[in-house]
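Residue numbers (the numbering used here), protein chains in the order written: chain A, 201 to 313; chain B, 542 to 700.
Heads up, a few of these hints could be off.
Derived EDC-like pairs (lysine to aspartate or glutamate); straight-line CA-CA distance at most 16 angstroms [stated by the list, open to error]:
| hint | chain 1 | residue 1 | chain 2 | residue 2 |
| --- | --- | --- | --- | --- |
| 1 | B | Lys641 | B | Glu666 |
| 2 | A | Lys269 | B | Asp561 |
| 3 | B | Lys641 | B | Glu696 |
| 4 | A | Lys300 | B | Asp676 |
| 5 | B | Lys641 | B | Glu693 |
These are calculated hints, taken from the structure and not from any lab test.
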Amino acid sequence: MEQMIDLVTQIIALAAVIIGTLFAIVGVLGYFRLPDVYTRLHATGKVGVFGVVLLLLAAVDLSLLGFGKGLVLIVLLMIFGPVASHAISAAAYRIGIPMKSAIRDDLAQASDR
Amino acid sequence: MVSLRWLLLISVLYLALTADFSVGNLLVGVLLSFGLAWLVHPSKERVSWQSFPRRAWYFARYILLLVSDIILSGVGVARVVLTPSLPINPGIIAIPTHCKSDFAQALSAHALTVTPGEMVVAIGEDGTMYTHCLDATHGQEVILEAQRLRRELLEKIVE
Numbered sequence: 201m202e203q204m205i206d207l208v209t210q211i212i213a214l215a216a217v218i219i220g221t222l223f224a225i226v227g228v229l230g231y232f233r234l235p236d237v238y239t240r241l242h243a244t245g246k247v248g249v250f251g252v253v254l255l256l257l258a259a260v261d262l263s264l265l266g267f268g269k270g271l272v273l274i275v276l277l278m279i280f281g282p283v284a285s286h287a288i289s290a291a292a293y294r295i296g297i298p299m300k301s302a303i304r305d306d307l308a309q310a311s312d313r
Numbered sequence: 542m543v544s545l546r547w548l549l550l551i552s553v554l555y556l557a558l559t560a561d562f563s564v565g566n567l568l569v570g571v572l573l574s575f576g577l578a579w580l581v582h583p584s585k586e587r588v589s590w591q592s593f594p595r596r597a598w599y600f601a602r603y604i605l606l607l608v609s610d611i612i613l614s615g616v617g618v619a620r621v622v623l624t625p626s627l628p629i630n631p632g633i634i635a636i637p638t639h640c641k642s643d644f645a646q647a648l649s650a651h652a653l654t655v656t657p658g659e660m661v662v663a664i665g666e667d668g669t670m671y672t673h674c675l676d677a678t679h680g681q682e683v684i685l686e687a688q689r690l691r692r693e694l695l696e697k698i699v700e
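Based on the sequences and whatever the hints tell you, model everything.
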């Protein structure tokens, strides 16, 4: 019975490693394919965070990383990943990096007034 | 004086990080968090303990919503990146908010950044969130509709 449970958790962890690595690769691919800093942040910020969370879940089972430590790291990533991409995009807009192929920009109209 | 909430929070964090639930480690953790809670000087606002279970319930629901959002946005953006024609129509859309406190506003912006294809670039003086969208063809009504459930949960947590 115990061996069964071990086997199942290991299969889940392996699946998490494979899917997490795929998402990390897709994040980097998005970094190369998307045109400007704002759209690139979508790829690296979101897809990247999702991939790292899955890898951490796998690490809790497969490596020496404790459950509590993994949980704290995942919560911190979930809280501060979006904060980091917001900070970078706000800084980019403030120093005037233009958006490529943008179809509307409400912020430019707001700051004109 | 030291706030009980900070004491609890830091102690739990310490226990989770050390993963050692012996009495000695617990004592060290409580002592450390006592010192830290004394150092950070939290604000004096009063929070009633009666409302705590209700808030915890809404908080758990919000966390579940956040996790599903992160999964959906990961898959959604990955699909956009992997489509050969790269179907994006980027743009910045102004989204009005009606949050009372700064804290609720920050949490609301965080929730909006987590949702698929959206990222808050700036927050105006009147609380308008200027949101960068990968697909800006749909107007702000669609985003507001999706944001309503999160805002209602957040308001029940923060009040």
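Going through the hints against the structure:
no. : hint                 : verdict
1   : B:Lys641 to B:Glu666 : holds (13 angstroms)
2   : A:Lys269 to B:Asp561 : holds (11 angstroms)
3   : B:Lys641 to B:Glu696 : holds (9 angstroms)
4   : A:Lys300 to B:Asp676 : holds (13 angstroms)
5   : B:Lys641 to B:Glu693 : holds (13 angstroms)
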